[in-house]
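**Q** Listed below, chain by chain, are the residues.
Number of protein chains: 2
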Amino acid sequence: MFKRLCIIGTGLIGGSIARAARAQGLCQEIVAFGREKNQPNLQLAKDLGVIDQFYTHISAALDHADLVIIATPVGSMQSIFELIKPYWSATALYSDAGSTKASVVSAIEAVFGHVPNNFVPAHPIAGAERSGVDASNAELFKNRRLIITPLNNTDPQAVEKLTRFWEQIGSSVSEMSVEHHDTVLAATSHLPHILAFALVGLLGRKDEQREIFKYAAGGFKDFTRIASSDPTMWLDICLANKQDIIPLIRQFKAELSNIEQLLVDDQSQQLFDTFTYARNARQRFLDTLDD
Amino acid sequence: MFKRLCIIGTGLIGGSIARAARAQGLCQEIVAFGREKNQPNLQLAKDLGVIDQFYTHISAALDHADLVIIATPVGSMQSIFELIKPYWSATALYSDAGSTKASVVSAIEAVFGHVPNNFVPAHPIAGAERSGVDASNAELFKNRRLIITPLNNTDPQAVEKLTRFWEQIGSSVSEMSVEHHDTVLAATSHLPHILAFALVGLLGRKDEQREIFKYAAGGFKDFTRIASSDPTMWLDICLANKQDIIPLIRQFKAELSNIEQLLVDDQSQQLFDTFTYARNARQRFLDTLDD
Numbered sequence: 001m002f003k004r005l006c007i008i009g010t011g012l013i014g015g016s017i018a019r020a021a022r023a024q025g026l027c028q029e030i031v032a033f034g035r036e037k038n039q040p041n042l043q044l045a046k047d048l049g050v051i052d053q054f055y056t057h058i059s060a061a062l063d064h065a066d067l068v069i070i071a072t073p074v075g076s077m078q079s080i081f082e083l084i085k086p087y088w089s090a091t092a093l094y095s096d097a098g099s100t101k102a103s104v105v106s107a108i109e110a111v112f113g114h115v116p117n118n119f120v121p122a123h124p125i126a127g128a129e130r131s132g133v134d135a136s137n138a139e140l141f142k143n144r145r146l147i148i149t150p151l152n153n154t155d156p157q158a159v160e161k162l163t164r165f166w167e168q169i170g171s172s173v174s175e176m177s178v179e180h181h182d183t184v185l186a187a188t189s190h191l192p193h194i195l196a197f198a199l200v201g202l203l204g205r206k207d208e209q210r211e212i213f214k215y216a217a218g219g220f221k222d223f224t225r226i227a228s229s230d231p232t233m234w235l236d237i238c239l240a241n242k243q244d245i246i247p248l249i250r251q252f253k254a255e256l257s258n259i260e261q262l263l264v265d266d267q268s269q270q271l272f273d274t275f276t277y278a279r280n281a282r283q284r285f286l287d288t289l290d291d
Numbered sequence: 001m002f003k004r005l006c007i008i009g010t011g012l013i014g015g016s017i018a019r020a021a022r023a024q025g026l027c028q029e030i031v032a033f034g035r036e037k038n039q040p041n042l043q044l045a046k047d048l049g050v051i052d053q054f055y056t057h058i059s060a061a062l063d064h065a066d067l068v069i070i071a072t073p074v075g076s077m078q079s080i081f082e083l084i085k086p087y088w089s090a091t092a093l094y095s096d097a098g099s100t101k102a103s104v105v106s107a108i109e110a111v112f113g114h115v116p117n118n119f120v121p122a123h124p125i126a127g128a129e130r131s132g133v134d135a136s137n138a139e140l141f142k143n144r145r146l147i148i149t150p151l152n153n154t155d156p157q158a159v160e161k162l163t164r165f166w167e168q169i170g171s172s173v174s175e176m177s178v179e180h181h182d183t184v185l186a187a188t189s190h191l192p193h194i195l196a197f198a199l200v201g202l203l204g205r206k207d208e209q210r211e212i213f214k215y216a217a218g219g220f221k222d223f224t225r226i227a228s229s230d231p232t233m234w235l236d237i238c239l240a241n242k243q244d245i246i247p248l249i250r251q252f253k254a255e256l257s258n259i260e261q262l263l264v265d266d267q268s269q270q271l272f273d274t275f276t277y278a279r280n281a282r283q284r285f286l287d288t289l290d291d
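Sequence lines, in order, name chains X and V. Residue numbers for the first sequence follow UniProt numbering, beginning at 1 and rising by one. Residue numbers for the second sequence follow UniProt numbering, beginning at 1 and rising by one.
If you're looking for bench data, these hints aren't it; they were derived computationally from the structure. Every clue listed holds true.
The following residues of chain X were derived to be distant from chain V, with all beta-carbon distances above 12 angstroms: (1) R35; (2) T56; (3) D63; (4) H114; (5) N117; (6) Q157; (7) E160; (8) K161; (9) T163.
Computed from the model, here is a short list of chain V residues facing chain X with C-beta under 8 angstroms: (10) A196; (11) K206; (12) T224; (13) L235; (14) F252.
Each residue gets a CB set at the ideal place from its N, CA and C atoms; glycine is no exception.
Make the full structure from the sequences, and use the hints.
**A** What follows is the structure in C-alpha cells.
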C-alpha cells in the first residue's frame, strides 16, 4: 500500500487511476499537482472525491509522495520532469501513462541526463473518446492491458511494485521494449486515429455533409468514434511517434492504391481475395481477444 | 396487408425483412426463392420459421406473390431479373434491398429495356458485420433509415405502399435520386468499408500481427468492425459503385498525404486544427443522429 499517490495531470486517465486506486484501497491519500490555470479542473476533481487535495506548487504536491504518476499529454512531459527534478526522491516510485514511450524516455533523459532507475515507463491501453476528469471512472482499466517498458537500469523492484498496482486495479500487465511498444501502438492505435480524423475531416468539408451524416449507419458511428478523441493528446502522440507513424501512413496509402487499381481494372477475384483476407485477419484478432 | 411476400435472397437482410413483416402481421404468407445449391440455407430459414415455404423454381415462388423483394448481393440482380421477367405481374409490387442503386436500375433496364413502373428501388441502411439467415432478426430495421430512389415513371402508389411497409417494420423512409444515393453512400459506407478492409489487411500481413492484435484496444475493435462484413456483398458493392468510390479513395489519399506532410514538417498548429476540425465534424454528425 502506498502512503501518498500524487497524480500529475488529472484528466480522464489520471482521474481514473485515482478513482481505481481509492476503490481498491491501494493508497492512504491521493493528491494532485496542476498549474494555476487548471485550478477549476482540480477543484472539480476534489469536489468529485477523485482526489483528497491539490496543489499548484510541485514541492507541496510531491511532499511525502511515494507513488507519482504523470498522466499529462506526452508533449508536456519534459516540462513536468523539469518541475519534478529538484524534488526527486530516491525512495518514491515514479511512472507515467503516456501513449508513446520513446518520447517519454527522451524527455526524462533530456532533463536528468539519464533515466532514473525508479522511473518505470508505462502505458495503460484504455482509450476513450471522452476526456476530462468528469469522464473518469474506477473501472476504466479493468480487463485492459497495461504495458510496462522498462530500461536496462530500471529497478526490478520498482517494476514489480508498479505491476502489482496495475494488476490490483484490474489490468493485465505485459512488458516490452520501448521501441517495440511504439511500433505496435502505431499500428493498432495511432494509424487508426489518423484514418478516422482524415475521414471525418474529408466528409465534413463536403457540401452535402449534412446529408452524408444523416444517412450514415451504425458502422460509420463505430468507425469514426476515435475521431472524437482529444486533439491535444493526439497531436502530441502523432508528433512523438512520427518515425513509426509516417511509414505506416505510406504503407496504408499503397494498400489503398492497390484496391483502387483493382477497382479500376475490375479485378473481381483479387478484390474478393483482399476483402476475404481482411475478414479472416480480423477474425484472428477477435480470437486473440478471447484468449 | 400483402397476401404473399416472396423473398429472393434469404440472408441477413432478406431473413430480417421476412421476420419483421411476420412480426408486424404485414402479410399472410412468406415464401422464398433460391437456387438448388442454396437449399440447405432455405431449409434452415424454414426450420427457423423465417419463411413458410421455399421454392427452387422461380415460377412457383412468384405465383400469387403480391410483394417481391430481392435481397441478393447487387452483382447477381441482373440474373434474378432475367429469371423473374417471364412471370412479371403488373399487379404485384417489386422492390430490392441493394446497397447501390444505379447498378440495380441498370440491371433491370438491361433485362426489360426499361424499368417497370411497379419496381421501386430501395435500400435499408442497416449494416451488420454478421451475415446469413441465422443472424436475421425482426428488429434489424427498427429506427433505421430506408432510402427509396424512385424513377420518373415509378408508380406513386407503389412507392406509397412500399413506404408504408417499411415504416411498419420501424424504418424512417426518405426519397432521393439514384445518383445522389450512390454518392452519399459511397462516402458514409463504401469508403469506410474499404478503409477497414485495407487496414486489417495491412496489419494482418505484418510479422508482428499477433502482438499487434493482442495489444489493440476497444477503439481498434470498433474501427475494424466493418472489416468483418461479407466479402461477396462488398465486392459487388465496390464494383457496382466504383465511379463514386474511386474518386473518394483518391481524395482520402490526398487527405492522408496532407497529414503525413504536416507530420514530416512538425506543423503542430495545422495538425491540431486538422484533428479539431474532424472532432467537431463528428460532433455535428452525432447531433444529426439526435435530431
